[in-house]
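Q: Here is how the chains run, residue by residue.
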Amino acid sequence: EAQVTQNPRYLITVTGKKLTVTCSQNMNHEYMSWYRQDPGLGLRQIYYSMNVEVTDKGDVPEGYKVSRKEKRNFPLILESPSPNQTSLYFCASSRQGVNQPQHFGDGTRLSIL
Amino acid sequence: LAKTTQPISMDSYEGQEVNITCSHNNIATNDYITWYQQFPSQGPRFIIQGYKTKVTNEVASLFIPADRKSSTLSLPRVSLSDTAVYYCPLGAGNKLTFGGGTRVLVKP
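Residue numbers (the working numbering), protein chains in the order written: chain L, 5 to 117; chain U, 24 to 131.
Simulated from the structure, these hints should not be mistaken for laboratory data. All of these numbers come straight from a predicted model, not from anything done at the bench. Be aware that one or more of the hints could be misleading.
[Unchecked claim] Here are the simulated EDC-like cross-link-like pairs (lysine to aspartate or glutamate), alpha carbons at most 20 Å apart as the crow flies: (1) U:K130 to U:E37; (2) U:K118 to U:D54; (3) U:K118 to L:E57; (4) U:K118 to L:E66; (5) L:K73 to L:D60; (6) L:K61 to L:E74; (7) U:K26 to L:D63; (8) U:K118 to L:E34; (9) L:K69 to L:E57; (10) L:K75 to L:E5; (11) L:K75 to L:E57; (12) U:K130 to U:D34; (13) U:K118 to L:D60; (14) L:K61 to L:D42; (15) U:K77 to U:D90; (16) U:K26 to L:E57; (17) U:K77 to U:D54; (18) L:K73 to L:E34; (19) U:K118 to L:D42; (20) U:K75 to U:D54; (21) U:K118 to L:D63; (22) L:K22 to L:E5; (23) U:K130 to U:D54; (24) U:K92 to U:D54.
With the rest of the complex left out, here is chain L (with noise of 0.2 Å):
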């Protein structure tokens, strides 16, 4: 089945502690990228990938890194989380580009204290 698959699907943690959120697609899509959706600020794209070795900043990268060592992978690292980062997270991914169709996951929720 052709899915984006994000993981952990609900993360509490602290201040300061690293964390990784992982992001996986089994489409060989060439376009990934990342969204925070928060209740009245909609969908914010955080950072886009599109290809391996090929990343760039979306409209909220701050406090983000990712990397995309390998096609099908765009994890999402928050080196010292902070609350302003609790949210729900979404991967998405596309054949090429913003003007195919996206694919998303099923979201992450983390709740940074």
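Fit chain U to the given chain L structure using the hints.
A: Relative to the frame of chain L, chain U by itself:
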């Protein structure tokens, strides 16, 4: 920054047609128009995509005027399960920007 404007919310009743319009005045020549549906605590789901004129699939129709500065998603004969938030994000280079979406409530 690519920007779209949609109504914040719409109410409808089962069996009616729902039309949601999205304004995207600064759409680029090579941008496609894509609509997504999102249920609470789930990722957005692709509904339909088009470039110009009219596109129809098994769940919706998309109407795009010649100037492409707006688009209208049409949901025929909605049911309670169509209650969701609908988005028409816009690309800007390689970024994708989502607006606030339209919250559609279908009543019995």
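Q: Are the hints correct? Go through all of them and say.
A: Verification of the supplied hints:
1. U:K130 to U:E37: Distance ~6 Å between U:K130 and U:E37 Cα, so the pair holds.
2. U:K118 to U:D54: The hint holds at about 12 Å.
3. U:K118 to L:E57: With Cα atoms ~17 Å apart, U:K118 and L:E57 stay inside 20 Å; holds.
4. U:K118 to L:E66: holds, 16 Å
5. L:K73 to L:D60: holds, 14 Å
6. L:K61 to L:E74: holds, 18 Å
7. U:K26 to L:D63: holds, 13 Å
8. U:K118 to L:E34: With a Cα-Cα distance of about 14 Å, the restraint between U:K118 and L:E34 holds, given a limit of 20 Å.
9. L:K69 to L:E57: With Cα atoms ~13 Å apart, L:K69 and L:E57 stay inside 20 Å; holds.
10. L:K75 to L:E5: Given that 20 Å is the threshold and the Cα spacing comes to 18 Å, the pair holds.
11. L:K75 to L:E57: holds, 9 Å
12. U:K130 to U:D34: holds, 7 Å
13. U:K118 to L:D60: Holds. U:K118 to L:D60 sits at ~9 Å (cutoff 20 Å).
14. L:K61 to L:D42: The hint holds at about 19 Å.
15. U:K77 to U:D90: It holds: about 13 Å lies between the C-alpha atoms, which stays within 20 Å.
16. U:K26 to L:E57: With a Cα-Cα distance of about 29 Å, the restraint between U:K26 and L:E57 is violated, given a limit of 20 Å.
17. U:K77 to U:D54: holds, 16 Å
18. L:K73 to L:E34: Within the cut-off at roughly 12 Å; holds.
19. U:K118 to L:D42: Holds, because 19 Å separates the two Cα atoms, which is no more than 20 Å.
20. U:K75 to U:D54: holds, 10 Å
21. U:K118 to L:D63: Status holds; Cα separation ~8 Å.
22. L:K22 to L:E5: Not satisfied, since the Cα-Cα distance of roughly 32 Å exceeds 20 Å.
23. U:K130 to U:D54: violated, 34 Å
24. U:K92 to U:D54: holds, 11 Å
Of the hints listed earlier, those the structure fails to meet are numbers 16, 22, 23, in rising order.
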